[in-house]
Structures are given as structure tokens and as C-alpha cells.
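Since the structure of chain A is provided, determine the placement of chains B and C on it from the hints.
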Amino acid sequence: MITLASDFGTPYPAAMKGVLCQRTDARLIDVSHEFPRQDIRAAAFWLRETLPYFPPATHLIVVDPGVGTDRNALVLRAGEHTLVGPDNGVLRPVARQLTDGGQLEASVIDESRLERVEPTVDSARTQVAASARDDARPASNTFHGRDVFAPAAAAVHDTPLEALEDCAFLESVATEMLVDCELPTATLEEDGARATGEVLVVDDFGNVITNVPGDVLRDHERVVANGEAVPVGETFAAVSPGERLATVGSHGYVELDVNQGRGDEAFELEVGDRVILETAVSP
Amino acid sequence: MITLASDFGTPYPAAMKGVLCQRTDARLIDVSHEFPRQDIRAAAFWLRETLPYFPPATHLIVVDPGVGTDRNALVLRAGEHTLVGPDNGVLRPVARQLTDGGQLEASVIDESRLERVEPTVDSARTQVAASARDDARPASNTFHGRDVFAPAAAAVHDTPLEALEDCAFLESVATEMLVDCELPTATLEEDGARATGEVLVVDDFGNVITNVPGDVLRDHERVVANGEAVPVGETFAAVSPGERLATVGSHGYVELDVNQGRGDEAFELEVGDRVILETAVSP
Amino acid sequence: MITLASDFGTPYPAAMKGVLCQRTDARLIDVSHEFPRQDIRAAAFWLRETLPYFPPATHLIVVDPGVGTDRNALVLRAGEHTLVGPDNGVLRPVARQLTDGGQLEASVIDESRLERVEPTVDSARTQVAASARDDARPASNTFHGRDVFAPAAAAVHDTPLEALEDCAFLESVATEMLVDCELPTATLEEDGARATGEVLVVDDFGNVITNVPGDVLRDHERVVANGEAVPVGETFAAVSPGERLATVGSHGYVELDVNQGRGDEAFELEVGDRVILETAVSP
Numbered sequence: 010m011i012t013l014a015s016d017f018g019t020p021y022p023a024a025m026k027g028v029l030c031q032r033t034d035a036r037l038i039d040v041s042h043e044f045p046r047q048d049i050r051a052a053a054f055w056l057r058e059t060l061p062y063f064p065p066a067t068h069l070i071v072v073d074p075g076v077g078t079d080r081n082a083l084v085l086r087a088g089e090h091t092l093v094g095p096d097n098g099v100l101r102p103v104a105r106q107l108t109d110g111g112q113l114e115a116s117v118i119d120e121s122r123l124e125r126v127e128p129t130v131d132s133a134r135t136q137v138a139a140s141a142r143d144d145a146r147p148a149s150n151t152f153h154g155r156d157v158f159a160p161a162a163a164a165v166h167d168t169p170l171e172a173l174e175d176c177a178f179l180e181s182v183a184t185e186m187l188v189d190c191e192l193p194t195a196t197l198e199e200d201g202a203r204a205t206g207e208v209l210v211v212d213d214f215g216n217v218i219t220n221v222p223g224d225v226l227r228d229h230e231r232v233v234a235n236g237e238a239v240p241v242g243e244t245f246a247a248v249s250p251g252e253r254l255a256t257v258g259s260h261g262y263v264e265l266d267v268n269q270g271r272g273d274e275a276f277e278l279e280v281g282d283r284v285i286l287e288t289a290v291s292p
Numbered sequence: 010m011i012t013l014a015s016d017f018g019t020p021y022p023a024a025m026k027g028v029l030c031q032r033t034d035a036r037l038i039d040v041s042h043e044f045p046r047q048d049i050r051a052a053a054f055w056l057r058e059t060l061p062y063f064p065p066a067t068h069l070i071v072v073d074p075g076v077g078t079d080r081n082a083l084v085l086r087a088g089e090h091t092l093v094g095p096d097n098g099v100l101r102p103v104a105r106q107l108t109d110g111g112q113l114e115a116s117v118i119d120e121s122r123l124e125r126v127e128p129t130v131d132s133a134r135t136q137v138a139a140s141a142r143d144d145a146r147p148a149s150n151t152f153h154g155r156d157v158f159a160p161a162a163a164a165v166h167d168t169p170l171e172a173l174e175d176c177a178f179l180e181s182v183a184t185e186m187l188v189d190c191e192l193p194t195a196t197l198e199e200d201g202a203r204a205t206g207e208v209l210v211v212d213d214f215g216n217v218i219t220n221v222p223g224d225v226l227r228d229h230e231r232v233v234a235n236g237e238a239v240p241v242g243e244t245f246a247a248v249s250p251g252e253r254l255a256t257v258g259s260h261g262y263v264e265l266d267v268n269q270g271r272g273d274e275a276f277e278l279e280v281g282d283r284v285i286l287e288t289a290v291s292p
Numbered sequence: 010m011i012t013l014a015s016d017f018g019t020p021y022p023a024a025m026k027g028v029l030c031q032r033t034d035a036r037l038i039d040v041s042h043e044f045p046r047q048d049i050r051a052a053a054f055w056l057r058e059t060l061p062y063f064p065p066a067t068h069l070i071v072v073d074p075g076v077g078t079d080r081n082a083l084v085l086r087a088g089e090h091t092l093v094g095p096d097n098g099v100l101r102p103v104a105r106q107l108t109d110g111g112q113l114e115a116s117v118i119d120e121s122r123l124e125r126v127e128p129t130v131d132s133a134r135t136q137v138a139a140s141a142r143d144d145a146r147p148a149s150n151t152f153h154g155r156d157v158f159a160p161a162a163a164a165v166h167d168t169p170l171e172a173l174e175d176c177a178f179l180e181s182v183a184t185e186m187l188v189d190c191e192l193p194t195a196t197l198e199e200d201g202a203r204a205t206g207e208v209l210v211v212d213d214f215g216n217v218i219t220n221v222p223g224d225v226l227r228d229h230e231r232v233v234a235n236g237e238a239v240p241v242g243e244t245f246a247a248v249s250p251g252e253r254l255a256t257v258g259s260h261g262y263v264e265l266d267v268n269q270g271r272g273d274e275a276f277e278l279e280v281g282d283r284v285i286l287e288t289a290v291s292p
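Quick mapping for you: the protein sequence lines, in order, are chains A, B and C.
The opening residue of the first sequence carries number 10 in my numbering; numbering runs sequentially from there.
The opening residue of the second sequence carries number 10 in my numbering; numbering runs sequentially from there.
The opening residue of the third sequence carries number 10 in my numbering; numbering runs sequentially from there.
Same shape as in the complex, but just chain A (with noise of 0.2 Å):
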């Protein structure tokens, strides 16, 4: 199984299920193509928050703001599942996670030693793709996602796990040379009482992810956040459709929401902005 993750939105995701449909007869699974432009940090922790949940796969993921730097093109290998996508610590959040303390190995892919991505050409038009890539460049330079990430994840998935190492398209590297991306943690009063945070993400629902433990709501029936006192509530249905409250998310963090509606609206936050969570005001 080939896992697919991006925020490219639509339609560049089209052109890498063609190349790995191409080389490879696996199973292809879509977990997002619209995380946020350009937001290493989110993907990073919806990743993190997702592909635990995945049977071993090979997931390739691209978010991808340095397209065509000299920034690296990884394989990593994690537990039993393999990362394919840039080095820019996108990965590395839900590698770890993937882990879980077992192996972790990580490789850099050399483009020049992939199979070349050839599409069908119609030599009779002026093939202006085509002369872009005679050069000696062997992929486009805002493309990897098809021209680099989807081959190797394709020759990847049809290698097992043991034989990785011995992929002529990669190289071993030291896993402490990974660029990486720490998750923000949040600051917990000795007491208990005053939990410092900030917002992770904001999902579709407009419910407002910060990176509090939900243990801080543990007996507590109402939270002051930001000043301004909600109730807390085991579900969204704790509270009539349209107030606010603070939950505990899906994913284990304190989330700020509305009944039925949107939290980002109603608390006036957004990803990045500073979370303070009061619990003194009632056991």
C-alpha cells in the first residue's frame, strides 16, 4: 500500500498516482492533498496524527516549499513503514512516532540514479515540456512530487524492507544530520493551574488544535482560556449548537470549540497564536 499526501490541492496529485501506476500494482490510498500551502509544521502534525492508524504502508508525502534546492530526498525507514519526501522535517514528527523506539534508518535518494519519469509525448506538437527537460536535468525543478518522490516510492514499496539498502538510488545517511521539525510543547504550571500553549492547527471543522495535554481538563468543569471562562465538556453536545467550549480532542490535546459551529471564529484564534488555559477557578 502507497499512502499519498501533499498540499497540492488538485490536479499535480493526478500526475503521481499516473507514475506510480505505472511501476507499481499497489494499492493507492489518499490521506490528504489539501494541508495547508506550504506549512511544514501542520503536515508535520496531521501526519503524526494519522498514519499510526495505517496497517505498514509506504507513505509518500510531499509539502515541499524547497522544490529544486539542494535541500535532500529522503527514504526513511521507520518500524515497519516507509517515509518517502523531502528533508525539510516534514517527516520526522511521524517517523518517530512510527518507530516507536525500534528502527529508524533514513537514505538519500539520488535523482540521477531514478528510473526517468518518460510520459506518452506527442512529438508532433511543440513539445515545450519536452524540450524543457532535454537538458541535462534529469526531473523539473518545481515538480518532485512526480519527477523524483513517486518513482522512488513506487521502487520502494516493491523492495522489502531488508533489501532497502541496497537501492541503487540510495545513500545512507546519519539520522541525526535530518533536518527536523519539533512540535511546539506547551508550559505547565507545577500546580497545575495555568497551562501556556499555543495553537496547533485548525481543522475543517473550524475547531481550534492547540498543544495542551487534555489531562488539564481532567475534574475540571470549567476552564478559563484567554481570559474569558468556558464550560468543558466530554463532547461537543455538552453545550447547546453555538456556544463554545473546550474539549478533549480526538488526537489527546485541548481543543477550543463551538457546538455546531466554528471555534477559529469564535476565540478569535488562529494557528500560532498564544493559548492560556486556567483550570484554578473550579476543582
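FYI, nobody ran anything at the bench for these hints, they're computed from the structure.
The beta-carbon is built from N, C-alpha and C at its ideal position, and this holds for glycine as well.
Keep in mind that a hint or two might mislead.
[What the hints assert, rightly or not] Partial selection, computed: residues in chain A whose CB lies under 7 Å from chain C: (1) Gln31; (2) Thr78; (3) Thr129; (4) Thr151.
[Said to hold, decoys possible] Selected chain B positions facing chain C (Cβ under 10 Å, derived; list incomplete): (5) Leu56; (6) Arg105; (7) Pro169; (8) Gln269.
Then chains B and C, alone, in the frame of chain A:
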């Protein structure tokens, strides 16, 4: 085959797919994850108009504003199809359609008897998600699509229809006990000259889909819609681009549309608005 | 394999998938269902740039502003690929590309000889859809994707290419009779110092894709685009985030972009706008 439908947007459906892939080799087909948020009636309409085109399958349906409350989680056997989702009415119209006078059987899911969803966990990191799950609760309170409905759908898919009642996590329930969602019906005057209905949904093209049966337009060249005369067309192209028309949509209801434009904007109509159609003006 | 492409948004593509799954076990791959609505030229461009990356397949393509009129429904054999869709030009550019000087054969679909689509119908409910279909019409007038093209694609997929002409519902037609959609070409001055083209499409990142061949940028460090000088970069990251640049996109054309931003907004350009590129300013 398992179809998936929700109002989740992205990337939450991927976690459901991960769970499904962990547990079954079933083919997965997305119906939509862009149903209007928390709008049970809209989802019920689209499912009733869409799922009858599928071969017998398991349909995983999660539009669930009451997630985490004591609303039941259901498995319905409707003819040769199986529906899995919340007991809030969203399953009922399509269940009636798929049953077609045949067998309709309902069961409630006992969450505590479902095999628990276990993502790969990085034991080294402050595992907020795990700690939130390590108490007595068998599932998150906000993501039953992943923690309850997907596991149930996977199990049900791999069970023959006639053995469903033996599933350890299912408890039979009388169908009269289920929450219903009757889509509203239009009122037709006896002489057929006037129909009073409402807007059921607006599709992505901006076509205004009413609940007035298409028959009322038969043999008419014009119709008065909320006081304004518009031509009746068999096709969008019956009028010039940008012009309004009334037509019979692919579901058989009267639609108020604009050729190559948005009917909702031209007619200033949204879901739930009243629509009065008068056909007396012309034979 | 059957690929699906349309301007339908959601959930109409699911009804097509249901029909396909009823009739064939073919693998289904979505190309896009978010093509700009009723924009034949944009779809023709994206299909030409995307489908050549796929292995031989049946491609179901529905961008069809003339649905229900007397425009023909087509099956094109283009090299080893088969294209199914309306005769409005959307199929032609990609057909030329896939044929590559080889075999191009065209047939018109005789709807009346297609096996009719029969959804599961609840005979008990006021069956507006059924009544609308029970007259002489073999298909809806507004959803040929479901009622004509999907059934044809399923049948064609399960027919060997060389036996296509024996399909009872297909009637051969001369390719010169087909509606064409020539994508406009840019005008290049002989000294190469000036190119006059236009915006073909804007992608989801906001990148402005012109029809000017990328070659005009070769060996230049700056270009004047519509009177304003911008740097030429091989990669987005050649300029700072938020800065404008001209680059050669993955399709080989000149793009006007913003690194990690939207080129359409920065250059104030939209589809169809004229673009004049002057390269005399620098070697």
C-alpha cells in the same frame, strides 16, 4: 466494498481508512467527505440519491453532531446493503430506498465489545493521546468515525449478511425505535397548477434542488417560481449562458438553475427556503 | 484501470463510481473533480498535462456544459488509451498527446443501445425520479456522466481495444468531424526577445501558467512581464518568500509565481489575460 461518506473534510477520513485497511482488504470508495457540516437532512438526501447506484456494499456514514452523547451507533441491513452510522436519522431515507420493501434489520453497536483501535504509539514522547485514552473510555468522545464506526464497518463487511446477528458487538433493535429523518414533501394543488415546496439542497454548481416532483413541469414552457416567470428547459443549454431556467434534475425533482452559472445566487435561495411554483400561465 | 475527471465537485462523482462498480471490477483512480466549472479549455489543458503519465487506461471525462443537447457522446481510441466523454473539444488535446502519431479512432455512443442504469428503487415512496425516467428518454438530461458516460466507460474498459468497433452501442465517425479545442499558442518574435501569450490556467497554489514556452527564459536572469521586471528562477526558492519570479513550470511553460505565495494576486492576472514577456533587458 466499503463506501465512506462524512462531513469531515480532510484529513480525518484518512484515519478511518487506516483503521479499515488494518482490519479488512475491502475495496474503499469515497462517496463524499464534503457533506454540509452537521446537516443530517442534506446528507440523508445525497445518500438516498447516490448509494442506490452502487452494487451491494457496506456503507460507512458519519454525519454525527451528537458524537459522544448517548445516541446509538447503528448497523442497518437494508436489502443487500449494510449501513453503519449514528442513530440520528441520516441512515433512514437511504435505508428505505435500498430495502425497497425487502428486509430491514437494525442493530445497536456495543462499543465495549468492539476490538479497540490501537495506533502505533511512540512511548517515548509525552503521549497525550494515550493518556487521554488510558482511562475507562473505550473510544474518543469526538471521533467515533475512527474509533467506533470504522471498526464496526470492517467487521460487518467481513461477515455474511445472514450471520450479522451473531456479531458479538451487535444487539438487535426494533426498527420502529430508530430516529427518523423524513425529507419534507411538497404540497401539490389538485389542479396541478401550483406546488409549494422548499429547497432541499444546493449542489456544487449552485443548482437549487427543490422537493417538488419534476412532473409539475411536464408540458409547460414557462413556470412562475416565487413570483418570477422563468422558462422550463429540458437541458441547461435550453437557455443562453447566464440565463435562468427551471428543469428536472437527475434525481427527478424541479431544479432552479442558471445555464453555466449559479442558480442559488440568481434566485436568491438557500436550503430550507420556500419555493412556490405556478404553472397556470401556460399550457 | 478507469480514471475519472470532471467539474462535478461532490457528490455527483460517487454516482458514476457506483455505476462503474456495478458493471466492472476495474480499478478507479480520480484525476480531479474540481476542474473549473464548464471550462473546456482548462480541463483540456490539465488532462493533456496529466493523463500522459498514466499507463494505458480508460479515461472517463465529463466537463459538459452542453449536456442533454444534441452534442455527441464519444469514445476515442488514442494509442493504447481510451477516452470517453462529450464531443465539445475537451478530449482532443489529450487525445493528440496520447496518440503521438499513432492510431486515433473515434466512435459516437448510441445512448439507446447502452444498457440502462437502474438504481435500487423504493417502489413505495413517491418515486419522482422513476416517474421522470419512465417516459421515452433513455437517460436524464442533466447527468450523462452517470447515465451515459459511466456505462459506456465500463463497457469499453472490458472490451479489448481491437474489438471496440464491434461494440453494439458505438458507431464509427471520422475524426475530422470532431469538435476541437486548440489551446492558444504564444507568438515569439524572431530575435527571441519578446513573446506574446496568455494565461492558460491558474493552479491551486496561485501559480499563473502561461502558454509561453519555457525556452524563452533560458540563459536570462531577469524578464519583463507585462512591463515589470522580475527575476528568472529555476526554483521557487530562488527568491525570498513573498517575492515574485518567472520560472519554467513542470509542464514546460513559463509560470509567473510568488515563492510561498500566490502569483495570480501579485501579478493581478487571471485566465485568458494577455502576457507579454521581454527578455532583451539582460543576457
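Each hint, compared with the structure:
| no. | hint | verdict |
| --- | --- | --- |
| 1 | Gln31 | holds (5 Å) |
| 2 | Thr78 | holds (5 Å) |
| 3 | Thr129 | holds (4 Å) |
| 4 | Thr151 | holds (5 Å) |
| 5 | Leu56 | holds (9 Å) |
| 6 | Arg105 | holds (5 Å) |
| 7 | Pro169 | violated (20 Å) |
| 8 | Gln269 | holds (5 Å) |
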